[in-house]
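There are 2 protein chains.
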Amino acid sequence: MAQTPLDYTAAGVDYSKIDPLKILAQKAASATAGNLAGHGVSEILASRGESAYVMDIGGTLIASITECLGTKALVADAVRPITGKTHYDSIAQDTIAMAVNDLITVGATPLSIHAYWSAGGSEWFADEQRMRDLVLGWQKACDVCKVSWGGGETPALAGVVEAGRIDLAASSVGIIPSRERLTLGDKMQDGDAIVLLASSGIHANGVSLARKLVERLPEGYASKLSDGRLYGEALLDPTTLYVPVTEALFAAGIVPHYSANITGHGWRKIMRHPGNFTYRIHTLPDVPPVLAFMQEHAGIDDREAYGSLNMGAGFAFYVAAEQAEEVARIANGLGVKAWVAGRVEAGPKQVVIEPLNLTYAADELHLRA
Amino acid sequence: MAQTPLDYTAAGVDYSKIDPLKILAQKAASATAGNLAGHGVSEILASRGESAYVMDIGGTLIASITECLGTKALVADAVRPITGKTHYDSIAQDTIAMAVNDLITVGATPLSIHAYWSAGGSEWFADEQRMRDLVLGWQKACDVCKVSWGGGETPALAGVVEAGRIDLAASSVGIIPSRERLTLGDKMQDGDAIVLLASSGIHANGVSLARKLVERLPEGYASKLSDGRLYGEALLDPTTLYVPVTEALFAAGIVPHYSANITGHGWRKIMRHPGNFTYRIHTLPDVPPVLAFMQEHAGIDDREAYGSLNMGAGFAFYVAAEQAEEVARIANGLGVKAWVAGRVEAGPKQVVIEPLNLTYAADELHLRA
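Taken in sequence, the protein lines are chains A and B. Residues 1 to 369 (UniProt numbering) make up the first sequence, in order. Residues 1 to 369 (UniProt numbering) make up the second sequence, in order.
Careful, some of the hints might be misleading.
Intra- or inter-copy, both count: the list cannot distinguish identical chains.
DSSO-like cross-link-like pairs, simulated, lysine-lysine; straight-line CA separation at most 27 Å [to be verified]:
#1 Lys212 to Lys187
#2 Lys22 to Lys224
#3 Lys187 to Lys337
#4 Lys146 to Lys22
None of these hints come from the bench; they were simulated from the model.
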């Protein structure tokens, strides 16, 4: 490619500016934990820095989280004139997935969801088709995850949110029915297997790059992928909800030793666990055509692609080696393709992707966020 | 005044466009409640439509909520050049207040808070003073409410959130330690007293009107109030956190029959309870100078002012008449001024403000949101 490769900084996301705030906020947040003692409640300390926060409330373990969609709704807005569909049913599922796919990593069963739909003006809500798609898509995703939609907030914030746009987020509360199911990393060990679950496409991370790329494509979102689908439409395939898989594992008596939702930072997230382990990958999942297309047209190498996009792996389980095939079988049985893709080894913290001859060192994942 | 009075529609908030979505969403949300049965969990049905959602999780009553700040951060941004302060410590408290002041209305003790700070770009987080104020203000408000700051989300969403702006929200999880403390309206009865708690100023509702008004003021946010303070600075007085008051009531063995957080819709919120009661107010709280100034300069009458702003009453308790003085005494002892201001009567649903000769009929509060 003659053009400069597109990477995340070029696409407008500069983590170096965000990270200092995150660290300051994390310290301040930790300092408030003592407030719980007066209520007879305690935090599960190891959940700080994990994907969901866990409190022990009189013996009941409650997990909670708030997550945002990001900028994927901008893709839906741009693609609607091409497909004639609002795609907000998919966007609803994406938003819920951002919350529940994180919540389940600590071993929780999600119970409730609150919606946060913050629009650039009240006229956003006057588009009946879009509004109906958003509401019914939200309801459907709640049904798939067996959660109750408990309420929400639908402000119109002209001057804060861009006109015609919407800032979507979800918060979720879940329960960890027994302490044995708490998955905070203490169970992981040398020899565990890594089972990767298929993503449905871009999910909701890497969207800034996906949008930036459109500027380079003569046909924009209407560009054809290798499978004949449109780039924009494929980008809007909704994020896989992994809740049915974790629930089925628990029902089968399988407790993962650790779990990671592969989101920002791509496969570098595979080393999310706080310990020092080497994650050796021997089998690659199929790369969804939309991600292969992005890598090609953005002109980025495998290191950049796997370091920022999910490249076909939306979620990782770290399980006892002898349970790995069973975990994959259960996921496959639920229509979520799964691969026993690697193993955890004692050793320096790094992700080694053998088929690509690629290694991400520990310092390439600064934040456990 | 020669100019047209400013009201909410003129200030850009058109509830008639938002309300149909809210109703559609409420129906869809209710339909998902059955999902809980498979988890051995049930919702407290009466909490739907109340300010926080309550689930019975194996006998533990957990309340949850997500609430947004609204547009008040725009005021902080505009006032900063005048005062030289970022005011984001106050803004942090406002955001937390939006969540916890709602959560406590159902009888909950807030336990945890998640932050949702969604900026228009990563450069928002590079302003160190503002970032420090936001973080430390957030921490301080958590300490006042005795909650643990469990985590949060700090996305940079260029294209969704306006450049240089931030969309702030908070979600909270709380516990209702005993079923007797659940405050969902079934306890309220003819003869109950209404105790109003002082607001600190505008809180975070009516801000669109406050901002619109600036266009009419020759000195804008630097306009002087009757007490000599600047309009902009007074607008940024942080919302009172009422958690210490509810906690003190519970500690004294007092369970309100109902509670209402006076936010959007102003004093019409006094009839938030689903039943048919007449709320007769005989005593008015002091009107904060900033709200008196707004009423005067916006050229709105008492009906409009009390129907959209808190006018000095930030929170309402409905309590057994014989406990009313004790409730007010406890609040006053915590530095929150309180008035035994009226009574609940059997009768048509309406708010009667006798000193102003004003009545809001039931159909003037369409939504219980």
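How the hints compare with the structure:
no. : hint             : verdict
1   : Lys212 to Lys187 : neither (41 Å within a copy, 57 Å between copies)
2   : Lys22 to Lys224  : neither (39 Å within a copy, 38 Å between copies)
3   : Lys187 to Lys337 : within (25 Å within a copy, 53 Å between copies)
4   : Lys146 to Lys22  : between (32 Å within a copy, 22 Å between copies)
Of the numbered hints given earlier, the model fails hints 1 and 2; all others are met.
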